[in-house]
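Number of protein chains: 2
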Amino acid sequence: MATTTLPEAEVQPISKSATKYVYFFGGGKADGNGKMKDELGGKGAGLAEMTNAGLPVPPGFTIQTEACREYMRHNGVSPEVDRQMEEALAHLEQLQGQKLGKGENPLLVSVRSGAKFSMPGMMDTILNLGLNDQSVEALAKRSNKPRFAADSYRRLIQMFGNVVLEIPKSAFDEVFDAKKKHKKAKLDTDLDAKALKEVIEEYKKVVKKHTKRDFPQDPHEQLVMARDAVFRSWQNERAKHYRRINNISDDLGTAVNVQAMVYGNLGDTSGTGVGFTRNPATGAKEFYGEFLMNAQGEDVVSGVRTPVHISELHKIMPEVYDQLRDITTRLEKHYKDMQDFEFTIQEGKLYMLQTRNGKRTGLAAVKVALQMVEEGLITQEEAIFRVEPNQLYDFLVPRLNEKSGKVEVLATGLPASPGAAVGQIVFTADDAVKRAGHDRRNSVILVRAETTPEDIHGMEVAAGILTSRGGMTSHAAVVTRGMGKCCVAGAGDIQVDEKKQEMHVKGQVFKEGDWISLDGTTGRVIKGKLDTMSPKADDPELLQFMNWAEPFRKIGVRANADIPRDAIQARAFGAEGIGLCRTEHMFFEKDRIPHMQAMILADNEKNRRAALKKLLPMQRADFIGVFKAMDGFPVTIRTLDPPLHEFLPRREELMVDIAVLPYANAKEKKSLVEKYRRFGTKSAGDLKKVVPALLRRVEELHEFNPMLGHRGCRLGITYPEITEMQARAIFEAAVAVAKEGVKVFPEVMIPLTATLKETANQAAIVHRVAQEVFKEKEKKVDYLVGTMIELPRASLVADEIAKEAQFFSFGTNDLTQTTFGFSRDDVNKILPTYLAEGILKQDPFAVLDREGVGQLVKMGTERGRKTRPDLKVGICGEHGGDPSSVEFCHQIGLNYVSCSPFRVLTARLAAAQAAATDKLKVEGGRTK
Amino acid sequence: MATTTLPEAEVQPISKSATKYVYFFGGGKADGNGKMKDELGGKGAGLAEMTNAGLPVPPGFTIQTEACREYMRHNGVSPEVDRQMEEALAHLEQLQGQKLGKGENPLLVSVRSGAKFSMPGMMDTILNLGLNDQSVEALAKRSNKPRFAADSYRRLIQMFGNVVLEIPKSAFDEVFDAKKKHKKAKLDTDLDAKALKEVIEEYKKVVKKHTKRDFPQDPHEQLVMARDAVFRSWQNERAKHYRRINNISDDLGTAVNVQAMVYGNLGDTSGTGVGFTRNPATGAKEFYGEFLMNAQGEDVVSGVRTPVHISELHKIMPEVYDQLRDITTRLEKHYKDMQDFEFTIQEGKLYMLQTRNGKRTGLAAVKVALQMVEEGLITQEEAIFRVEPNQLYDFLVPRLNEKSGKVEVLATGLPASPGAAVGQIVFTADDAVKRAGHDRRNSVILVRAETTPEDIHGMEVAAGILTSRGGMTSHAAVVTRGMGKCCVAGAGDIQVDEKKQEMHVKGQVFKEGDWISLDGTTGRVIKGKLDTMSPKADDPELLQFMNWAEPFRKIGVRANADIPRDAIQARAFGAEGIGLCRTEHMFFEKDRIPHMQAMILADNEKNRRAALKKLLPMQRADFIGVFKAMDGFPVTIRTLDPPLHEFLPRREELMVDIAVLPYANAKEKKSLVEKYRRFGTKSAGDLKKVVPALLRRVEELHEFNPMLGHRGCRLGITYPEITEMQARAIFEAAVAVAKEGVKVFPEVMIPLTATLKETANQAAIVHRVAQEVFKEKEKKVDYLVGTMIELPRASLVADEIAKEAQFFSFGTNDLTQTTFGFSRDDVNKILPTYLAEGILKQDPFAVLDREGVGQLVKMGTERGRKTRPDLKVGICGEHGGDPSSVEFCHQIGLNYVSCSPFRVLTARLAAAQAAATDKLKVEGGRTK
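As they're listed, the protein sequences go chains A and B.
All residue numbers for the first sequence refer to this note's numbering, where the first residue is 1 and numbers rise by one.
All residue numbers for the second sequence refer to this note's numbering, where the first residue is 1 and numbers rise by one.
Chain A on its own, in the form it takes in the complex (with noise of 0.2 angstroms):
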């Protein structure tokens, strides 16, 4: 191939003497590569490793830099800078056969900025540089397009004067604004050719003005002036104090690439487009893309003009097609990965603006990888690292088929669990319950300003789950991810009336029975009803990676499940394991709630105990379940956790029940008495009595920040009862369950200790029930007592407690809350703006914090491990699912992570990536 590519013998090399500032890049070869970050920037190196790579780039010259560090110790630099500038200037000429922005043809130039680190707050981009008042009228003969020319030297001229002669932007912006205003222009593109000359000349005085000088005529003195604005920039307030915060070394200085500028709109023989060198989606081996002739890239995305599919080139410009095809073909070899790449044919020369690894669905992901190790381009090894773990997820739950039908989006939210979901509108758990029917038949969507642990029922029955407040960790997020539901959480342009019973969004009101289509991979909530395509969990590609990945993890994965059917669904999905079974969920079960509420209410031990006596049975049937479920595995069994108001009725529902109920007439009444029959109002005389009564109790165990309140080990210690019971619980299945030849491993977790006293409180009180259930059933089961580490204290004395703790479990969302002092469910109202002002790089709800939290569970496995060498240490918060935490994970130890069902595939993967990646390190210098 190579009809792009310059023979060999015209690269010369630019200078001989002894520091090499400027590298060269065109003609099918660099001088750099693109390992030489540390001179030639991120920016420039890649450039010239595609050069490299026998792409058609636009040519140029990168300047590297020392050159920088010179211009930072003397003010300036060498006159050798400027010599081998010329140099490697007069070299690109010649191979455009191009002036610098002189003749015909002049020759234009991007100046970019490009440091070893990414780094925002320096100088961006100069574009068109070379354009003056004689080469702008060249450029309009040439195109053609005398609108197109003038907007460009405008832009120059703006750009120019802002970031190299630091006039303030307001000072352009006055002027083109009253040039729209005067012309009655609505979009800077029904501005003409004439008016943006006037704005030129315009533009023009305003340099002047502020600089005392005309705006330089000399392409050479805009291409110095640039340069050194470059250098300059490194050391502006910002960029520096962006270094000082990462940690970057302000003696680094930063490269200059400047870069021939290349147009697609030049004519009939231009034209520009982009490409995959394989279907995105389905993986499937074809080219893939779309074009426009005679346009620029924005044109492309805009949708003004509707691209057209890249076959057809073939029809228009077959050897430029041909070329294409050759050259991504051969890009897809060098990058050994499927490639996204951006071209752009110039009067028929074809130019490669860009290419990198292409973006593509968990099924295309598994597919291409599959493919390309059959191919032998790359090895099973390699192919580990093709597809992002989080990926998987895609093979788990069901899409939206948007060709089914219109797709009028009514609101994003936040993607709070991935899936699709098509039902009707309910607004309450109860009639998600009545109008989803037995078996579930009729789908429903739940929605709700936000969701509680009261709402459990209905939400186990809906499709789908949308909420308008909450963030990515609240409770509809993190239940409804526990479910494998689809959810959207925290939409907030949608005003949910729970009274009313309405959903107000975009001017239209929604009802119940209203249909709806949730987009939980997006966070789209769509109007009306779509199409879903189904989960291919059992998909024989996923299969046969997953078997290749497999064999390198060492970490342990288990689930987070609470019930029997979870548990056999995280059994399917690989889990060696339950490392959390959160005891409360099965509280919050219609049947059991009223004995729960008659424990808290009881005023004594024994009517407490009474209470305990009947959730006892209930306890046990479900452990049996969720044991005979796990045979042979271990089952971690957290003991009640959440603060017990959590039970209750709202403190302000009653408040303002109290309120009203001197005014309330006979129906409503008959409604209340209805909804406190089970706190005992048995006519309307008993409101009176009972729901006051209710509320002091609910006062009573009013938390200002419940978070931090009476909850965790803090329950079982003021009411041992409640540990005994549900010890026995686990014990009496246990053994049961154990007589009949399950293998049962029951570990008993105590939540939120800070101490060891507390562990050895509560373990005390494990250890004797399991004592007289073994005498009593004369049969004992192997178990353990650990606890969950979930505050910094624990962390920070875990050598202690490791000595009544037989096993650690991170809980690192509250680990997370108290480290950070950030409140899960309130978190919604700060995020947003830590992440747009770049406080936070990511939610720390979603990906641990190792900084911060991570110390914490570093610091706390190796002070337990000193205690008990053998200790065994999992983590079982939401990041137990996330693949940067899990390679945390296994990075500092851990024997295994514990994830809700569904995430369970993605940490197996993420788990063998971590183990991978040590393997592939030790063997030396492979690159994944």
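Hints in this document: simulated from the structure, not taken from any laboratory.
Take the hints with a grain of salt, since some may be wrong.
In silico SDA-like cross-links for lysine to any residue, where the CA-CA straight-line distance does not exceed 25 angstroms [to be verified]:
(1) Lys169(A) <-> Arg69(B)
(2) Lys670(B) <-> Val656(A)
(3) Lys20(B) <-> Arg69(B)
Since the structure of chain A is already known, use the hints to place chain B on it.
Here is chain B on its own, set in the frame of chain A:
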């Protein structure tokens, strides 16, 4: 003196064998001494020390810990232990002229365990050992008290049976209760000698039944069995568990103490009493005590008989009186401190049962310390340790004069803020202001379920505060301590009906205007009106004492003060600057809160800025006052910290008002219009719009866990204009006073940072505004920008944060909350159980938790100084005024502590003591 000691020649070494197992004490001399805790345990060493000091303590002997270790190794002791014990017993019998459990005057002994460290869980005490069927008759005859003798024997069998023979306590209780029932006896003491003899016979049957043998009648056998039971108790589960979690080696073993019993109720020449060598209330040098003839110790304390002043003893038994005075004078000299002693006279012979350094008031502590230096008993350096820093509080607050009226205690709450207050009850802050009247003419007590920031104006005028809910660090407690005002918090027996304006307690109803008296030092709530006694902050003895202490101090002491008045107070107590000036407290003032509310309710930045502009001059004026009060000293000002909803009406209140609005009559509507006038209600018609709109904003701001929510620097980051306004007020004030010649050192403190970038974000605003103000006003002042370290993450990444922060101040209140996961406002639900169960030794909000939170303070300091070696580090939580916490801050090298003004004296002394302790350690061996 020495009428009670035998000639020295009679004291013989007990054994000459290689290992000395048994140490005798008695007759004025002991084999051991106070330093031999390893061998004799704490108790045994103390008995030896007292004996050596010439005290007539009942004689006896200690079997040392090696015997216990032998017992553990061989499951029994060597014959040599038995031999030495018999030898010591013979010596004891000879000294006493009695035989163990034999003859007309049988020797009876107590047997007690005594390990090196005080250790619950082990066998405690067996009294009256030596009694049997014969000696009980002798005792009855000799004492002429058959009931006393029988009861002593009964107790022996019961104790011995339970702890030595391991018979369940219930077995004896059943017998005893049955007898009481049968005899229709209400109290144990209602059983006469005959009944008790019947009990003894049945107890013996219980022993026979459980052990298959009779209760041992041989006193020597009793002794051996009791000794071995003590040894075995070292190995019981509770003791092992205690040692494990307290890091006490299992190898230490325990000693056993055998001591002659003495009785003060053997007739008219016997008696018992307690006393002090000086007056514990005033410190006056006078012999002070009470006694009863023919009585046991419990008679003196039970109040059944009224004890007699010690001077009466001189009339009854002049020789014993002289001996007691002589002994106690010598005791004072020996221990170099005021003594609190117990004595028994058995048939004319004086025995000292206990002596210890006496508890005393702060006034007495200072006076005694000065006296003892004058008397040459102690040095000035020693004297400064004779006052507990907390005791200095006694000089700063009024006290109740309990002789001024009847003391009827209605309830006892937490001693939340010491001092005394007497006044008329009010139930709302507004009523407090009304009833207190101009210049606070009338004394009022504000009684609330709990206080909120909106009550501040009422708290300021009240003489004292009483709450039925909340702990030592509740809002009421913290604010009143800051004000130096008496507060009793969390008096759970009191019900406050805020609607009816009634206080219910002990079946009594109190209304507005009723008088009560509060004792904030003890937590008592007293009915009616007592007189108070004035504080003595300028007491010359106090000043002299502080002059001795101050030169030692190395760590600075600042005060937390928000308003000029508090700052002036703090300077008067010796504060060297302000460590925490909370700007939000300024916003709760009545004339400011409307602007604050307008700022919060603003729906855009422009309106927010307009409201902030109105707050600016008010803040500036406050700062001017504070800067002037602190002329020459630094003032640390914290930017806005609390969540914004604290400034708005409560959510549930709004919900109720909205719910009842449709039913409200004209009068009620008028009252609602008044209530919401400042939010824009002018007539009843406005209510329907204004109140729901207000609720909507409150709902938007509502948080599940406000403590972990949108507060601290998170406010300044989301609303940078707030930080701007505050920085402007600070620097405009600083420049203004500097122009008047005031030396001003503002330190701007950013709260609740968890990351470097938060600090950088806010510091950038402060620095920018500072430069603006300096330029505008043409005057510069020195200033610092630093951060509070109050989240675990901030300590963990303190090296990062120190890149931007010029100082650190540990906010240990919040740091304790997040490290422990304890909400300060809710912890009272948990803390009582935790303290009772020994899970926590003290309230971590009162005394800094060195093990957990302290680790983070130390870590944060070290890491911060790694980045910035001259980093100024302080602490400004409640702990800044707690002596133990101040000591810790001294030890880890903080620069200063900051506490409420009324804690400054305490902190100064605590800091001096900590430094003096270092000095004494360096100088070697001198103890305090």
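Right, here's what the structure says about each hint:
For the proposed pair Lys169(A) and Arg69(B), the alpha carbon gap of about 87 angstroms is over 25 angstroms, so the pair is violated. Taken as a hint, the Lys670(B) and Val656(A) pair is honoured in the structure, with Cα atoms around 21 angstroms apart against an allowance of 25 angstroms. At roughly 14 angstroms between alpha-carbon atoms, Lys20(B) and Arg69(B) fall within 25 angstroms of each other, so this suggested pair holds.
Going down the numbered hints, you'll see the structure goes against just number 1.
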